[in-house]
Structures are given as C-alpha cells and as structure tokens.
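*Asks:* The residues making up each chain are set out below.
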Amino acid sequence: MSDKLAPPKKKNPQLRQRVPTLPPQMRSRAALGLTAAAARGVFSLQHCEECGAVKYPPRDACCSCLSVSLDWRETDRTGVVISETRIHVSPDPYYRERLPWRSGLVRLSAGPTVLCHLHGDVGRGDTVRMDLKLDKAGQGVMIALPEKRSPDMEDDEQLRSLTAHPKHRRVLITDIRAPETRALIDGLLAAGASQIFVGESESWRRGSDHAAIAALDRVSVLPLDVSDPSSVKKLAAEIGGKTDILINTARHVRPGGVLGADTVFAREELEINALGLMRLAQAFGPGMASRTADGVNSAVAFVNILSVHALSADPQYGAFSASQAAALSISQTLRAEFRTSGLRMINVFTGPTDDEWHQPLPPPKVPPKALAKSVVEGLCEGLEDVFCGDVAKDLEERWRRDPKVLERELAGGGA
Amino acid sequence: MSNPLGDLAAALGDGSVEVVDLTHTLDPDFPVIVLPPEFGQCARFRMEEVSAYDGRGPAWKWHNISMNEHTGTHFDAPIHWVSGRDVANGAVDEIDPSVFVGPVVVIDCSAGAASNDDFELTPEIIDAWEAEHGQIPAGAWVLMRTDWSKRRGADYLNMADDGPHSPGPTPAAIELLLARDIRGFGTETVGTDAGQGAHYMPPYPAHYLLHGAGKFGLQCLSNLDRLPPTGAMLIAPPLKIKGGTGSPLRVLALVPGGRS
Amino acid sequence: MKRQNYDGVVLTAPVSVPYVRYSQETAHWWIARALKQVLDTAGMAPRELDGFSVSSFTLFPDTPVGLTQHLGLSPRWLDSIPMGGASGVVALRRAARAVQAGDVDVVACIAGDANRIDSFRQLLSSFSRFAMDASYPYGSGGPNASFALIADSYMAEYGVTREDFGRIAVAQRSNALHYPNAIMKSPLTLEQYLAARPISEPFGLFDCVMPCAGAEGFLVMREDEAQRRGLSYARISATIERHNAFPEDPVQLRGGWVMDIDELYEMAGCGPDAIDLVQTYDDYPVISMMQFEDLGFCAKGEGARFVREHDLTIAGDFPHNTSGGQLSAGQAGAAGGYLGLVEAIRQVTGQAGPTQVTDAETALVSGFGMINYDRGLCSSAAILKGAR
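Residue numbers (my numbering), protein chains in the order written: chain A, 1 to 415; chain B, 1001 to 1260; chain C, 2001 to 2388.
Derived by calculation from the structure, the hints in this document are not laboratory data. Please read these numbers as outputs of a predicted model, since none were measured by experiment. Think of the CB as a built atom: it goes at the ideal place given N, C-alpha and C, for glycine as much as any other residue. Please note: incorrect hints may appear among the correct ones.
Short, incomplete list of chain B residues facing chain A, as computed with Cβ under 7 Å [what the hints assert, rightly or not]: (1) Leu1026; (2) Pro1028; (3) Cys1042; (4) Gly1163; (5) Leu1254.
List time: in silico DSSO-like cross-link candidates among lysine-lysine, alpha-carbon distance up to 30 Å [what the hints assert, rightly or not]: (6) A:Lys55 x C:Lys2385; (7) A:Lys233 x B:Lys1242; (8) A:Lys233 x B:Lys1061; (9) A:Lys234 x B:Lys1150; (10) A:Lys365 x A:Lys9; (11) C:Lys2300 x C:Lys2385; (12) A:Lys365 x A:Lys10; (13) A:Lys9 x A:Lys55.
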C-alpha cells in the first residue's frame, strides 16, 4: 500500500525555494518515440515489420533480422519484475534530491527486458502493468505499476513525479462561464484538490453561476479577463504564487467560415483564444515555472482546452479553427519555454462541445461533464496531448495518417 | 464693452463658474451595452502597455488603446441609427462643431429611479418640470438625472433573464422633446433608451426618433446631481473620427454659482 | 578450423603507474608516463616504437591518432580498443597477431585515464546511446544501479547472500595490503563490508570500486626480440573474446565466456585445475563470482559455494586478484581492464614482489566491460604462461 500523501505543511518563508532540476534529458531520435507515446498515454514499442519481433531499447534496425522497417505499435503492458534495487547514491542533481529511488528490471510478456522506475507497491516476482509516462524532463520513461489499482496508488512519490495529479494542489480555472467549469470543479475536488480559484470576467454582466460556485467549499471566484493585460497581471500578483495547476477554459466561439465571416468576431476569437493564452502564460508562467520543485503542492501543469480542429480546420467554424490553430502553435512554443522548469503544458483537444454554439450540429457532441473528466484524467495521468470524445480521437488518428486527406474530407470532398 | 470670454475666464478663476466633469473614467472594467450574442458586440475599453520607461522604450511610457465608438461615456451621432442614416452631416466628423457647446437642462428622476429600475420619463414629468422651470429652450441638451451613475458592478447594467432593467424615456416623451427642438438627450445609463426599450413602438424610441431627427445622444454620464435644472453649459465634442457614429469623449459642464 | 597458436610472440615490460584518487593531469599525461616506463624497461627510444595500442575514456577530443603527434611516435601499426574492462586481453590479441604476421615488431599496449573532480559525470553522460535512452533516465547516474539489478536477480536465482560477495572483497583487500600501489591501505573485515553504507541495494560501499587516475601498460614483441633485449617474458597459451553474448537472456546471469571457454582450454592444452592464479574483472564482487562459474572453475549457481570452500588470498588455494583487484587497488578508467593482465605478467615472470604467488606459472586473466544498457557486452580471457 502506498502511504497516503499528507497535505503539505505551510512553507517556511525564510528558506530559499528549491530550484527545479531535471532528470537526464537527452534522447536519440528513435527513443523520442517513447516520449510521443507517453504524451498520449499509450504504451507503444517498436515492432519489426518484417519479422514481427518487439524491440527495446528503441533503435534504428531490428536486432533479429536487420530490417530498418520498425513501426511503433501499441503493445501488451504486462510483465514480471525480475530484479529490483534501491539507489542510495547518485551524482545526478535531480535524483540525489529524491533518494532513495527504486528501479528494476521487468521482463515484458512482449519479449524485451525493460529497466524502469518501480512503483512502491511492486517488487521482484510481481506481475506488473507497465506504463509510459513523461518525466520532469518531458521525456517518456517506463514505470512498473501494480497489476490492479491499489488504494492511494497515485500518492506514491515516484509515480506522482510523473503525473500532474491535482491531489493537495491548488487550481485556477480561468472562466466561470465555460460550460465545463462546474463539472471541472467537482472533478478536481473529488481528486483531492485543496483549493480552486475560478476566474470571472465582466461580472457586471451577471449570467454566470457566480453565487452557487462561490458558495462551494474550498472554491473562490476572482475577477479575471484574459483579454485585459492588467486584469491578468493583477490576479497573477495575487494568487500566482499559489497556482499549482492552471486550466484555461476561456473560449470565444462563433460559427461561420471565412468568406462570409466577420473579422470583428474573428478578432475576438483570436483575442481570447490565442492572445488570452499568451497573457495567462506570461503572467502566471514564470511563477509556476519557478515552483515546480516546491514540495507536495508544487506547480505542475498548464492546461489548454482546444478544439481538435486546431489540427485541421472545420470550414463551418473557419475563424474559430484559426484561433485554435494559433493557440496550439503558441502552446508548442510555451512547451519549449517551460522545458527547463519541468512545467507540463497539456492540451486537451475536444470535438464539438454540446453547447449553444454547436446546438444545431448532429451528435456525437461532447457534454461538459465528459470534457471535465478528460481534463482531470489528463492531469492524473500526466499526459500532454489528450483527445476527448470519439470525434476528437477519430480526427487525430486520420490527421496522423494523412493530414491532406483529412483536409479534403473536412472540406466535404470525402464520400 | 461686453467681454463675455474675459468674464468667463475671471469667473472660472474665482470659482463663480465651476467646471464639473460628467465623465466616467475609461477603464477596462467599465460595463458596455450587451447585445444578443449572435450580433457584433460593443468592445470594452482595453489598454495594452507599449513601454514603461524600460527596454521597450527607455524614457517613455505609452499604451495602445482600443474600444468601440460607444464605449464608456460617449456621444451618439445621427448615423448611429438606421433612422438617421440619411441625415445630412450625420457623422461625428461632419457635425458643425458649434453645437458641441450649448445650454443644458436637467430633469431629476432620481427619486423615481430609486424605487423603480424601469422608471420612465413621460410627457407628464416633462410638463411638471416646465411648469417649475419654464419651457425647455430650443437647442438645449436635455439630461435625465437618475443617479444611476452611482451604481457599481452588475447593478449598473442590471441584467436579468429578460434583459437589462434601467430607466429611460417613453416614445411620447421623446416626441415632446423633439417638439421643443432640443439639441440632444443624455442619460446616466448605458443607453439613451430604457433597458427594456426594445418593447416600445418604435423599439428603442430615443435612438430611433432622436437620430431620425438629426439629434444627438449622450450616455454613461455622471455627476448630474451637481448640475442645476437650468443655467449650466455643456461642452461635449466627440472625436473627429472619419465617418464615425459616435465616440467616447470628455463631457464637461460649466456651472454658475458654485452649486456643488 | 583450429585456431592458430601464439608461438613466437611474448609479453614483456609490465608497468603500473601508481594511481591517484583525483588528479588535474590529463589522460595524455598518464599514458605518457606508462609509455615511458615500458620503453625504458625495454631500453627503447620512442622513435623506435613501431606499434601502439591505446585504451582510454578521457582522451576526448583526441583519439590515439592525436597521441602519435602529441607523444612523438611514428608507428606503422596503431590500434584503439574502446572495450573498458575487456581492453587488456583484446589489445593483447590484436597486437600478438600483428607481431606474428610481421606487420609490426614491438607494440606498446597502454591504458590510462584521467580522473578530474567532474570527469566521472562527463564520462557517464555520453557513455552509450542505450544508456542515454534507457538507463540514466532512471536515476542510476552510473553503472552501480545496473549491476545492482544484475546482482539482485543473481542472488534470488542462486540463493547467494551478501556474505558470499563479501568474502571476495575481504580476500582482495587482504591481497591489496601487499601491493604498494593499492589505493586502499587498511584491512577490511566481513562485518565492515556488511555494515557499510548502501550504494544501490544490494551493493554497499565495498562492492564498488574507487575511480582513480592512473595507467597500466606492457609490450608485445617477438620472443627473440625479448631475449635480445634481456627481458623476462610471458607466453600466450590461449585467448578468447566475445561481444553481446546471450542477447535473449532476460538478465545477465552469465557472461560471454560461457560461449568460448572450452575453446580457451583446448587452445591452451589444459583445464581449469592447471591454473595457478586467476585475475577476474572485478567491477563488483558479483561479476567475479560469475567469472568463477563461467571460466569453468565451478558449475553455474555454485559460485557462492566455491568461494566459501576456497581461500582467495595470495597464499591460499585459489589466489585471486593478487594485487587487490580494482575493488582495492582502484579503477583508473580503462586501465582497470589492464590491471589484472599486467599483474598476471608480473606473476608468471616472477616479478610480482610482495604479491608473488609461490611457483606461479600459469595465470588466467579475464576481462569484462561496457555496460551498454542492462548488461556488460564485452568479455575476454587469456591464459599466460611463464617462460621457464
């Protein structure tokens, strides 16, 4: 059983804050396949297309038949721990602050022997479920987990360092008016979040769930307008040092293509969806980045909620798709800029949401509860790219297979 | 030899004529009118720092600002409304500037507005005012005082499930004011019309009738409680925007006798 | 096809440059010192040397090519053996065949490495691609955790205890106290071994070598050349070499020697009982125990019992790592792969001095190294005989 994670004590204000360090970051190009799989939460290894053998560590040619046609495919996760050690001495600056650290060798059912992190509940002889997760360096690493869920499993220190779990953490949700915000609050509190800040813009407008949400325990509503730099800076000055997870639910969406569209609407979509993200990142990012090694409630993730059409435009929401593409590109640069701190930039991609702006569209649409669930799961698993709902998953797969074919299909050119 | 401007300068100097600011601060949090979401919206005031005595500009500080023509304390020109689209010289850059300075009368509806969010300015109220202060002169600005400018936050737009609730004139009141050939009509709320003004015939009668007649509007005024019912002068020049339908502006009143 | 023997080729001039824990000097400096000593022993000037084989981890950005100009050599035969602990025997193999074939007259085989305060970390951060991708990200910061995992599996599989490993370390320390160059100068008891602070379980402090700066070397030449120069020499009875043996083994419980050990003894014309002393590659006692099994001294899984039943000291019935091995003498990088070989040459030529095993005639030297991901890839072994 993992020891239940105790809530953090109050910080000693006289001590220097721990400066973030990273585990070893360098990987060969082939090994980045593990990172790509971990980012999406799949367990993939290289399979030789000619002889079928499964290979690890990642490589450029099959060591059974020398074929260079190696393909990343989802693989059976089961294995057995055949060896374990507890490391007490390490010259690595990241690990020596976290000793002792357990690692082991796991013989996978699929064949290879894998050197991996060990969850506290597993040891030599145990059957395990192997997982690929992103470590603080943003690279995919192997961790052997108990075959079945064990109580408080997520509290294991080694596992927690590979996730962005909300337990004991404080979360800022940027827009109270987003349909998924209420379900997000419920989901985060259920996952153990200690405090939730909810941003509200244009409170003079009413029409938000302000009273009901402000009345919830451990939840406070604060002014936040992502289109106003002074508003974003002001809130960051107030709660930036307490923001461990930031979930950006601010979104401006209007239907319409491009030819018949209104650039005034388009500008507002870019203002909120793309520039709003930039402002939030500029105001909250540096503070969060400095606190990624700050104990139990360290800052850990910045979450965007994007339409899956950030990948490939929906011509019926042309300007909106453009704003999502802009936000996606901005998030990629932010991810590079956050790299040295270990702050995770998570994108949750969703298909059309079930709300007033997608009301005439046929199902399937993503209800707010489902979107909220995806966000919380993404945090608990430490994913980087989350696809919520069947439409998003299907679209991403088609995009990866051939973006040009997808573009044509979305433009109505596919049967 | 009469020296009206010299006398004015002296009066401004010794306080016997006071300058009263009727303008709200342009501020990103200041409410704007909210329309149904399918329509284009009135952009709020936004400011973005360009530099602040720093690497972006070492010896100076300045901002880029953006807003709608009808953000904050603002002026409505005739072409703002469909009924005024063909009015000659109906854009802010075309209006004869001599009309930007002129007499102003204030009709106090503050008691009524205090107990009724949808308080109406009616011909009866205008008649009662004229009985006390004399006929409203031609060419005067008429301002409806409600003390609404003292409201903060959500109480200002006062939105409910059926839309906003704030005081304003009935169609008949506007028609009476037009019969007096006023210069324009001003309020402390976000529009010259009542919050529920859509339900009149014509809808939004202040906008429809005033602008159709080539008259002007002023909105989001404040400090009307510092003006006398008659006798003050209003200074309200909008920005000279090419083809503009209105603009945020500084509205000042010259008030005799230090009334405040 | 029967392997050709090593007739006519001999090993001379065994040299150990005393190790230091930390040194500001470069690998070039340490290699130069060893080279000078082997050449002085043979009465040769550097310009006369026509063969040079180098093993080093810390020559970067140079390779042995740079060393030729740096040290003023003009060889007609140049080799670089990047095989860590297997380097000594492999360098010997390459040089011996070249001398036999007449491609070169005298080869200086040298291993040397620097150990500046931060050179341990630099060594590891670019050790191998698989280590970078699949080993260092997991916290080890070095080989200790990887070999600890091997040891953990080995202990579970064969019922080996820490005491069993401790016996090897204790015996080697006892030997080291006779070796003037040994870094470790104080005795070690089994209790101290067991109580030492943990490094990576099951390893404690005395399971691990101390990284040092230093160098080792020897010369390979024709037998008549050695006689002409009046040098005592050792003959080469047999050698083997293997890389990436048993890739299907889930964890490394046996080394490459298993594949080729029969060939070693066949080539030498003798069996394990003819061996007077054994120098194993001792990066960790568990690997030495594995070598006892894989080199044919006992069956697989019997290593612990073998150690319990034998005396591994210089005066014992199974002299092992007579100068203390790396565990007690220190590991000077690639020179760790030469340590046992150089000591073995001294032993069979009667030059070992305080560590001399009485009547030592036949020595087996074993090399092992290069943990690429989860196992050591290189293995080598040689049987040397004194020329009496």
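*Asks:* Take the hints in turn and mark each one as holding or not.
*Replies:* These are the hints, each one checked on the structure:
{"no.": "1", "hint": "Leu1026", "in the structure": "violated, 13 Å"}
{"no.": "2", "hint": "Pro1028", "in the structure": "holds, 4 Å"}
{"no.": "3", "hint": "Cys1042", "in the structure": "violated, 11 Å"}
{"no.": "4", "hint": "Gly1163", "in the structure": "violated, 11 Å"}
{"no.": "5", "hint": "Leu1254", "in the structure": "violated, 32 Å"}
{"no.": "6", "hint": "A:Lys55 x C:Lys2385", "in the structure": "violated, 44 Å"}
{"no.": "7", "hint": "A:Lys233 x B:Lys1242", "in the structure": "violated, 35 Å"}
{"no.": "8", "hint": "A:Lys233 x B:Lys1061", "in the structure": "holds, 18 Å"}
{"no.": "9", "hint": "A:Lys234 x B:Lys1150", "in the structure": "holds, 25 Å"}
{"no.": "10", "hint": "A:Lys365 x A:Lys9", "in the structure": "violated, 43 Å"}
{"no.": "11", "hint": "C:Lys2300 x C:Lys2385", "in the structure": "holds, 27 Å"}
{"no.": "12", "hint": "A:Lys365 x A:Lys10", "in the structure": "violated, 43 Å"}
{"no.": "13", "hint": "A:Lys9 x A:Lys55", "in the structure": "violated, 45 Å"}
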